[in-house]
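A.B. asks: Chains as they are written, first to last, in this note's numbering: chain U, 1 to 744; chain H, 1 to 148.
Careful: at least some of the hints might be erroneous.
[As the list claims (entries may be wrong)] When the alpha-carbon atoms are kept at most 20 Å apart in a straight line, the in silico EDC-like pairs for lysine to aspartate or glutamate are as follows: (1) H:Lys-86 x U:Asp-481; (2) H:Lys-86 x U:Asp-640; (3) U:Lys-186 x U:Asp-87; (4) U:Lys-417 x U:Glu-460; (5) H:Lys-86 x U:Asp-236; (6) U:Lys-280 x H:Glu-119; (7) U:Lys-356 x U:Asp-481; (8) U:Lys-220 x U:Asp-87; (9) U:Lys-186 x U:Glu-166; (10) U:Lys-290 x U:Glu-276; (11) U:Lys-317 x U:Asp-344; (12) U:Lys-520 x U:Glu-320.
[What the hints assert, rightly or not] Computed list of chain H residues with no C-beta within reach of chain U, every gap over 12 Å: (13) Gly-9; (14) Pro-69; (15) Pro-115.
Keep in mind that the hints were calculated from the coordinates and are not lab data. For each residue, glycine too, the CB sits at the ideal point set by N, CA and C.
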Amino acid sequence: MTVSRRKAILGTVAAGGALILGYSLWPYPQREKARAVLGHSADNALITTWLKVARDNKTTIIVNHADMGQGSQTGLAQMLADELDADWNLVSILEAPAEEPFANGDMIKGLLLGGELNIPAILLPPLGYLAPKVSRLIGLQITGGSSSIRYTGVAAMRPAGAAAREMFVSAAALNWNVPASQLTTKLSHVHHAASGRSIPYGDLIEIASKLTPSDSPRLKTPDQFTVMGQPIPRPDIPEKVNGTAQFGIDKRLEGMKYAAIKHSPIFGGEVESFDEAAIKNMPGVVRVVKLDGAVAVVADNTWHAMNAVRALPVTFKGGESTGLSADAMYAGFEKAVAAMPDSDDRKQGDVEAALKGATTVVEATYRLPFLAHAAMEPLNCTVIAHEDGTAEAWAGSQVPLGARGAVAKALGISASKVTYHNLRMGGGFGRRLETDSITQAARIAGEMKGTPIKLTWSREEDMQHDKFRPAGVSRFRGGLDKDGNPVAWFNCYNWKDMPADACLVPYGIAHQHIGSVDAKAPVPAGSWRSVAHSRHGFFTESFVDEMAHAAKMDPYAFRKKLLADLPRHRAVLDRAATEAGWGLELQPITGLRRGRGIALQEAFGSITAHVAEISVDEDNKIHVDRVVVACDCGDIINPDSAQMQLQGGTNYGLSAALYGAIELKDGKVAQSNFDNYEVVRLADAPHIETHIIRSGAPLGGLGEPGTPGIAPAVANAVFAATGQRLRALPLKLESNRAPQTARL
Amino acid sequence: MPYHLTINGTLHDVDVEGEMPLLWVLRDVIGLTGTKFGCGIAACGACTVHVNGEAVRSCTLPVASITGPITTIEGLSVDSSHPVQKAWIEKQVPQCGYCQSGMIMAVAALVAHNPKPSEAELATTVTNVCRCGTYDRVREAVASLASV
């Protein structure tokens with residue numbers, strides 16, 4: 001492949017005797033189909049990688065994506081190391097610092113840092129929802145969108161490794177005065193077979209660093225991979241089993257004070273007054289700081305701060321969600337989608353005429369609630385604002401540059417005065433694309449110059465002041481001809497989210513009209529693992545199942561028939577069905593009604609199918625026993641990580657399928673913690689089998705594609721088991737058992 | 001008032017209120033941050049430590065109520081050599097890793113009593129939340145312990 005790029009060597013032999021290769025790629029052409037799915041802007045995606053080789057041959061691969069458990073730092077390093085022909089045992093991984101020279105490009109610099117602090121309001125507001133337009137832009141530097149491997153890895157890590165390998169070959173050729181064509185590389189050495197000589201890369205860094213990297217380094221073909229495709233253990237795991245991994249919340253500094261926060265329970269509400277005197281004698285309390293729509297108490301430890309902020313009498317006023325409750329909100333959404341779309345996503349053929357001519361018309365309306373991310377590590381950030389106008393900050397963020405910018409803006413200083421350290425994230429899932437807690441910590445620190453402040457949100461604040469997966473309603477009408485072939489697909493939904501094409505279906509249906517209405521609730525929304533796919537996956541894959549049953553066809557066969565022109569989709573569907581034993585009778589278990597359901601999703605460049613096997617017990621509780629996931633993500637960099645992401649993504653979606661609901665009551669979130677916002681635990685977690693199809697298509701993402709398909713697969717299985725169609729999440733069957741059926 | 005806590009074999013004298021949860025004594029007073037804050041209501045298990053060898057959720061455990069030695073993730077072994085830690089590395093269990101201190105401590109307490117727990121016993125005893133969804137790997141790692 002050739003990539004048009006601007007390249008730059010950031011240094012020659014730096015202090016310490018290491019060759020530093022900075023390889024900037026800009027602009028990255030908009031050639032990957034999946035790029036459009038993510039919504040990147042056309043010509044400004046600068047992707048940068050770094051490679052450091054020391055004289056002792058130790059190789060440091062610097063990655064510009066953060067760790068939230070997804071394993072992509074390892075995968076990215078594998079990509080560079082393989083092209084470099086590096087000895088993996090010499091490789092270490094370093095997360096790139098949040099500094100301008102390491103930014104992802106002029107566009108991002110201009111966006112986030114230009115004019116010192118010309119940060120888009122969208123990144124920093126109290127309701128920092130990532131609108132599609134802006135998400136395209138920050139998508140270039142975020143860790144999110146299942147993008148690390150397929151964009152940074154493909155466009156930057158591999159070429160950077162390959163270019164560096166060629167530089168070492170050239171250096172050895174110069175050193176030995178032999179033609180480069182006679183040289184080979186392996187395990188961080190250059191070899192000259194004719195003379196039997198070998199030299200480590202580390203001995204060549206001085207010469208190599210003076211060479212110009214190739215514009216179009218020769219990349220390996222898959223049969224030449226030695227590191228890519230291998231289940232290499234993740235280097236971050238050992239420190240995650242002994243307590244030494246440093247998450248944002250673990251930051252400690254000499255003299256540090258601890259802050260806790262309480263937000264206006266009504267979204268957008270302001271602080272009217274608070275009674276500091278009421279808590280000033282509580283143990284450890286230092287002071288109260290008023291923030292936008294929130295108050296914080298600073299104390300000598302987290303427990304004292306949380307106790308005091310809970311006890312602090314605060315009066316809040318106003319707020320956009322005043323009086324709003326779930327029932328009224330859903331009623332409003334249902335009314336809105338009863339009309340025709342005011343914005344079309346796809347309009348082909350003549351749906352109305354096709355519906356009129358259809359033998360059977362299927363109609364259904366689905367809905368789903370707001371969801372919290374509920375990452376295990378509650379939001380936190382540690383900041384020290386110095387008297388000299390500089391500041392230092394620590395947190396775990398999916399947008400380190402955005403985090404640095406947020407600190408700077410909150411303190412009214414230039415971003416160049418802020419040193420930001422990104423630590424490990426105890427889960428991100430999209431929540432840590434936002435910088436609200438970072439802004440707050442900086443504001444508190446700004447009030448207490450010279451004192452390090454660690455702000456930690458309680459679980460209750462974290463859950464009730466999330467940037468939620470939007471609630472939504474989606475209305476469908478489908479037409480079948482006399483032979484049961486679908487001829488029309490109409491869909492009107494509310495609260496459009498990104499990626500914009502998540503609402504589209506791959507099925508070959510001649511007449512389609514898909515669009516949205518602009519009906520939202522005054523609730524802060526954000527990106528929740530797989531974003532719009534987590535909503536439309538449930539909607540569309542439930543409805544296509546309903547059409548299959550209306551056509552009296554097997555749901556798997558029905559889908560397959562509609563994928564005539566899409567062999568990759570068919571292969572994924574076939575693989576999941578075959579591995580799951582689709583069509584074979586499920587083993588009967590006394591007292592249980594059992595069923596299988598299937599769902600297909602194309603998301604983030606990957607095609608994924610889920611088959612869920614479920615049981616419904618006598619109390620009508622749904623148990624998911626086994627899930628088979630097949631995924632065509634093009635190829636795999638690390639099969640072990642790939643499996644973990646598909647399993648984890650499926651469990652994340654399963655929590656939403658079975659339990660997740662953030663509901664409003666009188667303008668406030670009714671749920672508060674894991675006791676009333678249940679999530680999947682070991683007892684609910686099905687056995688999840690994963691099957692990866694290496695089709696050779698462009699690499700797709702893996703962090704998110706596991707999530708959307710599980711809810712519809714389970715809902716469809718519930719229908720197969722019980723004949724009841726569940727059209728709302730979370731999936732609940734009415735308990736239809738009289739108390740006397742309870743058994744001892 | 002002063003409390004004398006034996007943590008990972010070392011005696012710590014801490015001067016705190018008796019109702020202060022052990023979690024915050026560990027994290028903020030002593031500086032052992034391997035034990036994590038997840039929910040504050042003993043609902044998620046991220047804060048699990050051992051007291052007298054039993055798994056307890058330290059976020060709601062008043063320090064005054066503690067009468068025996070405490071083991072945290074930092075003290076489970078000196079070199080990550082506890083069988084559960086080794087199995088966690090072998091099976092590559094952690095993703096983000098935040099819940100895993102508590103998960104490992106809960107599993108370590110279980111297998112100390114019941115070296116070969118069934119899947120049902122494991123699920124009933126270890127009710128810790130992992131939002132990354134590492135449950136398949138947790139089961140595999142525990143099963144690998146039983147087969148040793």
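A.B. asks: Would the pair Lys-356 of chain U and Asp-481 of chain U pass a check requiring their Cα atoms to be no farther apart than 20 Å?
C.D. replies: holds (11 Å)
A.B. asks: Within 20 Å, alpha carbon to alpha carbon, are Lys-186 of chain U and Glu-166 of chain U?
C.D. replies: holds (12 Å)
A.B. asks: Could you let me know if the closest chain U CB is still more than 12 Å away from the CB of Pro-115 of chain H?
C.D. replies: Given a closest Cβ separation of 18 Å, the condition holds.
A.B. asks: Does the claim that Gly-9 of chain H lies outside the interface with chain U hold up, using a Cβ gap greater than 12 Å?
C.D. replies: holds (15 Å)
A.B. asks: Take a quick look at whether Lys-520 of chain U and Glu-320 of chain U sit within 20 Å of each other, Cα to Cα.
C.D. replies: holds (12 Å)
A.B. asks: Given the proposed pairing of Lys-220 of chain U with Asp-87 of chain U, does the C-alpha separation stay at or below 20 Å?
C.D. replies: holds (16 Å)
A.B. asks: If you draw a straight line from the CA of Lys-86 of chain H to the CA of Asp-236 of chain U, is it 20 Å or shorter?
C.D. replies: holds (14 Å)
A.B. asks: Hinted pair, alpha-carbon criterion (20 Å max): Lys-417 of chain U, Glu-460 of chain U. Please report holds or violated.
C.D. replies: violated (33 Å)
A.B. asks: Run the distance test for Lys-86 of chain H versus Asp-640 of chain U: straight-line Cα separation, threshold 20 Å.
C.D. replies: holds (17 Å)
A.B. asks: With d taken as the least Cβ-Cβ distance between Pro-69 of chain H and chain U, does d exceed 12 Å?
C.D. replies: Consistent with the label, Pro-69 of chain H stays out of reach of chain U, its closest Cβ about 17 Å off (over 12 Å).
A.B. asks: Within 20 Å, alpha carbon to alpha carbon, are Lys-290 of chain U and Glu-276 of chain U?
C.D. replies: holds (11 Å)
A.B. asks: Holds or violated: Lys-186 of chain U and Asp-87 of chain U, Cα atoms, limit 20 Å.
C.D. replies: holds (8 Å)
Hint check: violations occur at hints 1, 4, 6 and 11; the rest are consistent with the structure.
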